[in-house]
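J.: Mapping of the sequence shown onto our numbering: residues 275 to 561, in sequence order.
It should be emphasised that the hints constitute simulated quantities derived from the structure, not laboratory data. A couple of the hints might just be wrong.
[As the list claims (entries may be wrong)] Mimicking DSSO-like on lysine-lysine, the simulated pairs with C-alpha atoms at most 27 Å apart in a straight line are:
{"hint": "1", "residue 1": "Lys-318", "residue 2": "Lys-442"}
{"hint": "2", "residue 1": "Lys-317", "residue 2": "Lys-343"}
{"hint": "3", "residue 1": "Lys-442", "residue 2": "Lys-406"}
{"hint": "4", "residue 1": "Lys-349", "residue 2": "Lys-318"}
{"hint": "5", "residue 1": "Lys-344", "residue 2": "Lys-317"}
{"hint": "6", "residue 1": "Lys-317", "residue 2": "Lys-528"}
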Amino acid sequence: MKKFTFGLKKVAALALAAGLTTLSVTGCGAGATASASSSANEKKDLVYAKGVGPYTELFEEAIIPILEKKGYTFKVTELDLNQADAAITAGDADVSVEQHSAFMKAYNEQSGGNLVALSKIPTVPASVFSEKHSSLDEIGEGQVIAIPQDAGNQARAFVMLQDLGWIKLKEGTNFATASAEDVEENPLNLEFYELQTTYIATSLSDFDYGVITGSIVYNAGIDPSTALFNENLSEDFWLQVVVNADNADTQWAKDIVAAYQSEEFLNWIEENNGPKYNELWSIPSYN
275 MKKFTFGLKK VAALALAAGL TTLSVTGCGA GATASASSSA NEKKDLVYAK
325 GVGPYTELFE EAIIPILEKK GYTFKVTELD LNQADAAITA GDADVSVEQH
375 SAFMKAYNEQ SGGNLVALSK IPTVPASVFS EKHSSLDEIG EGQVIAIPQD
425 AGNQARAFVM LQDLGWIKLK EGTNFATASA EDVEENPLNL EFYELQTTYI
475 ATSLSDFDYG VITGSIVYNA GIDPSTALFN ENLSEDFWLQ VVVNADNADT
525 QWAKDIVAAY QSEEFLNWIE ENNGPKYNEL WSIPSYN
């Protein structure tokens, strides 16, 4: 696999660049704005925010080669999801392929971002695992369920628990933002322990059951066949191509989406749907 390296710009450099941009716009007026817009639309050098998970690997192994044929080159900045969204908002990165729209919307609301989701991409569902119990039927009074701490994946967990019949959410609950406050019925008095998503897999033995997202399952080397329940993916929890709203209509953004929806990529997925890209991946329908 090709290696990509990129460092975020220093704050001082950003400030200087911002100042120069301001001077340029002031001096040249509307023509400079139009030129900048045209440049953003036509650029071929892209920066992607790389997370620790299978989705960026898929992007690197299958999508980048398709786009390189169109003359694109890529640099990478390695960031967690919140940092990635901040980098895209600031213009330090162009695209992320490691988050679902519920996470993106939560970031926009909490941090004043203006990110948009352009297209669903292949996604590994979140699942329920346990090291204490061999079956979901062993759920009992007062048991402790580990759930992701971040808002987007926490909502995902509560929707799964409702699908299992362990809880009932209030009527009209927005599944993209569901939390403990939306639980209307909890007949077994289950305790929900919020934990940073990456830690649930390594501390699963401390809980009765844990909800682990697909990328963490992949990174931790957990055998996905040991899952006791896999989520039913809703629109909010499909992984997405995410960019700043200002770039949504650029040619490069359209080309990234087209690469994911191309016959070449779908054929690649089918040919590589083995131990690494296993049968548990859900593939969107682009019809």
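J.: Could you tell me which of the numbered hints above are not met by this structure, giving the numbers in increasing order?
T.: As far as the earlier hints go, only 1 is violated by this structure.
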